[in-house]
Amino acid sequence: MLILELYIFVLAAFVGYMVISRVPPLLHTPLMSATNAISGISLVGSLVAAGSHRSIVATILGFVAVVAATSNIVGGFLITDRMLKMFKRDEPKAKTPESK
Amino acid sequence: MREHITELSYLVAAVLFILGLRSLTRPDKARQGMQLAAVGMLFAVCGTLIHHDIVDYRWIAGGLVLGALIGYPLGMWVPTTALPQRIAISLSFGALASVLVGVSEYYHAFHGGREPLETFRMAALGFEVLLGTLTVTGAFIAFGKLQEILPGRPLTFPGQNVANGVMMLVALVLLVLVVIDPSRTSAFYSMIALAALLGVLMVIPIGGADMPVVVALLNSYCGLAAAATGFALGNSILIICGSLDGASGFLLSILMSKAMNRSFSNVLFGAFGGGSPATAVGAGTTLPVRSISAEDAAIQLAYASRVIIVPGYGMAVAQAQHQVRELAELIEKRGGEVKYAIHPVAGRMPGHMNVLLAEANVPYDKLYDMDEINGEFPQTDVALVIGANDVVNPAAREDKASPIYGMPILDVDRAKTVIVLKRGMAAGFAGIENMLFHAPATSMLFGDAKASLSKLVTEVKAA
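Respectively, the protein sequence lines represent chains G and S.
In short: position in the first sequence from 1, add 4, done, that's the numbering used here.
In short: position in the second sequence from 1, add 909, done, that's the numbering used here.
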């Protein structure tokens, strides 16, 4: 089992490195917020901790973890989308309202 | 059966995440790709909710709602100028979630007592909690510095590196002790306390302009902590995402430190804001400075056929990106060509300038990386520097004694004329004299960047 997990880790790191090294500097900020949102996946661990009725302490720790992870997921995906929406190509000047 | 559904949902999520990150290589496909990634997240969460260990959904529901309520403003209301601190605080949150899961697992093993923790799981858990806690406090201090709650200049005290090194060592010893015998709860909790303190002490001495490296590095730590959580829980999706996140942060921090020609260790332990006295400003002599009025600068810009705009942190502080775009459009309307030169470490986080300019509706095909545009400065009539300093300092190319020697810079000094918008003659972050400001081809337009740009806009309209 352990060796399988190590495989997953190393291969995912490779894929990550390959994919991310091709992201242009133009999009480095959205990249950071995107990986931030994705790292909110620790929510899956938090959910189990918060919902499995082990002890009140474990549940409360899990609850706070759910809050932190969820806010990262929601905030992270929203801000990434907001940023990516801003990046536009130079279009054959549509009639933009004249500068005030 | 249930377990298979959960595992399958994780597999779908992992594929969608990777596709999402891959879409970020193309600005026109990126948005769609990241929306797919968000769908992947939904899969993973739903797949987890049917987990057979989960018996009570009340705390979960409450946490999800509260988290969404906190996340929404963090996503929608934060202005683009505040992005660096926004990223820093969410790194802190992300690491906090990892740490709490780890502590909860540990606590459960000892006070709720299921099976004892295997050595390997305990090692992963200990590593996760150590790295995670360090990231929580470190990212929080970075947030404080970027938000200017804490002073942005490096705070140093003698023997700092030695003290940090010793503490790191003690924390590692505690980790080993806990791994050997997981029932040493006091060692476990003192390790957490020590890691928290270490996070603070490691980021406190780092100056504002080094923040891009630190934020990227913390991003990497946050990812590694998540991956370690995955090892501790035997959860594959956590391992995958953690390692994607770790790889991304690691890569960015390498790129950033290259762009400053400094090694990791130099950034982390160097605190070079001490203003190395070797290159003491101007050695007592006052160098000539040519200041220019907005009217004259506007004339130069209005009749220039090739203009390159070099934005820096000063533009972000003054929130002047909209005025920049307005000015550029006026110049273009008069037949001039305008490009933007973006240094990799301009601003306080990787790619910050690009987002600011994109927000102001500057099309992204006009934003150029350093390597793409450096050859064009000699044919440029006017280079307009807005609140950038060290990234355009020719000393990095010429003066071997300079602390920034060797750092790749934008060759603004090779343009035919240079106009620098700056608040005053204060030295940049590195505390080094910038000869560009005293060059014969350079004129300085003093004042707040936003006010100066507004004046330029009015004057160019009139010209």
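FYI, nobody ran anything at the bench for these hints, they're computed from the structure.
Accuracy of the hints is not assured; some may be wrong.
One-sided excerpt, in silico: chain S residues whose CB lies under 10 Å from chain G [stated by the list, open to error]: (1) Met910; (2) Arg911; (3) His913; (4) Leu917; (5) Ile963; (6) Arg967; (7) Leu1153; (8) His1347; (9) Ala1371; (10) Ala1372.
In the DSS-like style, the derived pairs of lysine-lysine whose C-alpha atoms are separated by at most 25 Å in a straight line are [to be verified]: (11) S:Lys1242 / G:Lys92; (12) S:Lys1364 / S:Lys1248; (13) S:Lys1242 / S:Lys1275; (14) S:Lys1370 / S:Lys1248; (15) S:Lys1325 / S:Lys1167; (16) S:Lys1242 / S:Lys1309; (17) S:Lys1275 / S:Lys1325; (18) S:Lys1242 / S:Lys1364; (19) S:Lys1309 / G:Lys92; (20) G:Lys92 / S:Lys1275; (21) S:Lys1309 / S:Lys1359; (22) S:Lys1167 / G:Lys92; (23) G:Lys92 / S:Lys1248; (24) S:Lys1275 / S:Lys1370; (25) G:Lys89 / S:Lys1248; (26) S:Lys1325 / S:Lys1248; (27) S:Lys1325 / S:Lys1242; (28) S:Lys1364 / S:Lys1309; (29) G:Lys89 / S:Lys1275; (30) S:Lys1309 / S:Lys1167; (31) S:Lys1248 / S:Lys938; (32) G:Lys89 / S:Lys938.
The C-beta atom is built at its ideal place from N, Cα and C for all residues, glycine as well.
Hints and how they fare:
1. Met910: 18 Å, violated
2. Arg911: With a minimum Cβ separation of about 13 Å from chain G (threshold 10 Å), the hint on Arg911 (chain S) is violated.
3. His913: Result: violated, 16 Å to nearest chain G Cβ.
4. Leu917: Hint on Leu917 (chain S): violated, closest Cβ of chain G at ~14 Å, above 10 Å.
5. Ile963: Status holds, d = 4 Å.
6. Arg967: Holds. Min distance 9 Å.
7. Leu1153: 4 Å, holds
8. His1347: This interface hint is violated because 30 Å lies over the 10 Å limit.
9. Ala1371: Violated, because the Cβ-Cβ distance from Ala1371 (chain S) to chain G comes to roughly 14 Å (cut-off 10 Å).
10. Ala1372: At about 16 Å, which exceeds the 10 Å cut-off, the nearest Cβ of chain G leaves the hint on Ala1372 (chain S) violated.
11. S:Lys1242 / G:Lys92: At roughly 19 Å apart (the allowed maximum being 25 Å), Lys92 (chain G) and Lys1242 (chain S) satisfy the hint.
12. S:Lys1364 / S:Lys1248: 21 Å, holds
13. S:Lys1242 / S:Lys1275: Given pair Lys1242 (chain S), Lys1275 (chain S) holds - Cα atoms ~15 Å apart, limit 25 Å.
14. S:Lys1370 / S:Lys1248: 20 Å, holds
15. S:Lys1325 / S:Lys1167: 28 Å, violated
16. S:Lys1242 / S:Lys1309: 43 Å, violated
17. S:Lys1275 / S:Lys1325: Holds. Lys1275 (chain S) to Lys1325 (chain S) sits at ~21 Å (cutoff 25 Å).
18. S:Lys1242 / S:Lys1364: 18 Å, holds
19. S:Lys1309 / G:Lys92: It is violated: about 41 Å lies between the C-alpha atoms, which goes past 25 Å.
20. G:Lys92 / S:Lys1275: 10 Å, holds
21. S:Lys1309 / S:Lys1359: 35 Å, violated
22. S:Lys1167 / G:Lys92: 29 Å, violated
23. G:Lys92 / S:Lys1248: Satisfied, since the Cα-Cα distance of roughly 15 Å is no more than 25 Å.
24. S:Lys1275 / S:Lys1370: Distance of about 22 Å is within 25 Å: holds.
25. G:Lys89 / S:Lys1248: 21 Å, holds
26. S:Lys1325 / S:Lys1248: The hint holds at about 15 Å.
27. S:Lys1325 / S:Lys1242: 22 Å, holds
28. S:Lys1364 / S:Lys1309: This hinted pair is violated, its Cα atoms lying about 39 Å apart.
29. G:Lys89 / S:Lys1275: Status holds; Cα separation ~17 Å.
30. S:Lys1309 / S:Lys1167: 18 Å, holds
31. S:Lys1248 / S:Lys938: Distance ~23 Å between Lys1248 (chain S) and Lys938 (chain S) Cα, so the pair holds.
32. G:Lys89 / S:Lys938: The given pair, whose Cα atoms are some 11 Å apart, holds under the 25 Å limit.
Hint compliance for this structure: hints 1, 2, 3, 4, 8, 9, 10, 15, 16, 19, 21, 22, 28 are not met, and every other hint is.
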